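J.: Could you build the full structure based on these sequences and the hints that come with them?
Each chain, written out:
Protein chains: 2
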Amino acid sequence: MKQQIKLLVLAVAFAGNIPLGFGQQSNKVIEDFKPSSVNQSEKEYPQVNSEGRVRVQISAPEANKVQLDIGAVKYDLVKDENGVWTGESAPQDVGFHYYQLNIDGASVPDPGSLYFYGASRWGSGIEIPAKDDEFYSLKNLPHGEVRENIYYSKTNDALRRCFIYTPPGYQENLEKRYPVLYLQHGGGENETGWSSQGHANLIMDNLIAEGKSEPFIIVMDNGTWRMPENSPSADRSKGTWPPEGWAGNFMNTLLNDIIPMVDAKFRTIPDANHRAMAGLSMGGMQTRIVTLAHPEVFSYVGMFSGGSISPEDIEKFPAFKDEIKTLFISYGSSELENRRSGFGGDPKANTQALAEKGLDTHFYVSPNTAHEWQSWRRSLYEFAPLLFKN
Amino acid sequence: MKQQIKLLVLAVAFAGNIPLGFGQQSNKVIEDFKPSSVNQSEKEYPQVNSEGRVRVQISAPEANKVQLDIGAVKYDLVKDENGVWTGESAPQDVGFHYYQLNIDGASVPDPGSLYFYGASRWGSGIEIPAKDDEFYSLKNLPHGEVRENIYYSKTNDALRRCFIYTPPGYQENLEKRYPVLYLQHGGGENETGWSSQGHANLIMDNLIAEGKSEPFIIVMDNGTWRMPENSPSADRSKGTWPPEGWAGNFMNTLLNDIIPMVDAKFRTIPDANHRAMAGLSMGGMQTRIVTLAHPEVFSYVGMFSGGSISPEDIEKFPAFKDEIKTLFISYGSSELENRRSGFGGDPKANTQALAEKGLDTHFYVSPNTAHEWQSWRRSLYEFAPLLFKN
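Just so you know, the sequences run in chain order A and B. Residue 251 in this note's numbering sits at position 251 of the first sequence; the count goes up by one each step and never skips. Residue 421 in this note's numbering sits at position 31 of the second sequence; the count goes up by one each step and never skips.
Since the hints were made in silico from the structure, they are not lab data.
Some chain B residues close to chain A (C-beta under 8 Å, calculated; not the full set):
| hint | residue |
| --- | --- |
| 1 | P451 |
| 2 | A496 |
| 3 | L549 |
In silico BS3-like pairs for lysine-lysine, Cα to Cα no more than 27 Å straight-line:
| hint | chain 1 | residue 1 | chain 2 | residue 2 |
| --- | --- | --- | --- | --- |
| 4 | A | K34 | A | K131 |
| 5 | A | K43 | B | K464 |
| 6 | A | K154 | B | K529 |
| 7 | A | K79 | B | K464 |
| 8 | A | K43 | A | K65 |
| 9 | A | K74 | B | K455 |
| 10 | A | K34 | A | K74 |
| 11 | A | K139 | B | K544 |
Please read all numbers here as calculations on a predicted model, not as lab measurements. Glycine included, each C-beta is placed from N, C-alpha and C at the ideal position.
T.: Put into structure tokens, the structure is as follows:
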């Protein structure tokens, strides 16, 4: 019976993201809320129930209106006699989501949650437990390190920061050298995303402990780029992006500063056979542009919710087919259904066409997720075992 | 003229932290506000002026009352015709301060600032530029790394996290082994404090580049402890702390789990001659208890705003005087003036008495700062050059 209600509510929510306010829906809400796993220490709220609803609570005795803003929907909270406001959202997809509170018109982080960088701001995040969360959970097994690395970039004439994951054993086996994956975040995110909300380090620790992946280094840098004002081709509404501008600066930084710095400072195997690039969303689109232009630098390519490589791309950049050993394309199931047409063509058809041309391709769809971190965690989990095995 | 006004306002503010609201004081405010150096990317507010005032701004069209809460004082903001609230604080000490906004009774982080862990919550922080900020600023010179390190603790039967600073050259000189400083945060803070608001890594990078400090590893773990309920000696109001309880758990974790883990995983020189412990506030008090009880484990001791070692301590723990090579005690100047009496005795007199007994002691006072991060940054800067030279 509970299951039926849940499916019904999900169906309603899916039909058009109708706000389901607290109160009207209270007879349908399952009362098994627990504090979110990404709450600040000892904070009781926000909470999540088995339907994936998010319940928030905040004391604001003098406020007129308080809302929970999650998944592009605002849900009204209700005030009790002590001035404490409470309310919950419609069920959310499993995995990680950004959200915020709105207090009398002010958008602010929830003081109960930990904070994450996404949507171009540091703000609240919540974790909806997933049945498959075991692959990114913290376990008592050998752990790699995530290192904050500061370096000078000639391309930008600036000091920059990246995070570098070194796998378990890196500190002990001082003779051993390792392959490297350059792994990029999405638009409005930064170099912290993959090791914070992405759990890239835990995904790798778990895969390596089970013998499912080679140990390798992961470099997570900041690929943020701003559309130059008055750029003639800077019209996102037409689906055209200015490749030189938006990926060009990061491409130069990656090729001329980041890769040489990593090869000098870390015990890498500094050749194309032992170098991969992948990214999510904007980072996937950057991966596409960088690896089409410079397939001689990389052997493995992953694009998570970030487009695909088409037969036309291969005609323009024929070296890609000869140099790249493995191409991995992935999407969340629901974003694939709603994919904007005209943006680089159908990713599944493109990938199939490349397979027919003899490229080792992999097409993965994350079940029941959208353009969000659960799709990208799963994508890394599927992609990593393919790397550096050829 | 401006200088006179500044001194006057400082004097007033010092006299008893009188709230200086926006509006009444506007004729005295110097209009040279700039965005804080710890703002989120591209955020214009919060801002700081040359007097050290903090100005915040937030859009909250439907709010009745918005306040800036900093330094235990709440300052009313004023609303303009667009629903944007603005206001500023009295001048603050140079360095780092925690703060928050209060919107109709809700205490929330400022969406313009970066977030820091302190006062037992993740929340807003602000940086008041200091004339001596050069020693912790980011420069183009060799940088060490700050590494997130996950490990299993038998004492707690739990996976824990610490941050470990490895100095420049650690990755290149694979034969070299290094001394270690165990460096603790204060109450309501955690293992992120020293490398985030404390800038311990930048302080060390700069000292090492100038040849003023030996390169060494720094381990920053979480010393948070909770007063057991119903503990007979758990009465902070009387100035008595239960040593076994409040420092005991962290002492056991440090001695039995953290130090062996660090010595196994990092290229340390694993003996007492090459091991130091220091901490700020609660971390200083933990340093006192741990090093008095186990002087055979450490050779260098630093207590920043965290009490001192008295002649009575040395009588109780005579090995301390024989084993410890250097004892460093420090305070912010204004907290020293207002120091609670009866808490471990006068730190300067205690330190002088120990010097007369033949111990190598150092007593440092941070000018014009209180119980706050600028005192502790300066303390580390003064302490580090004393280490591992004997």
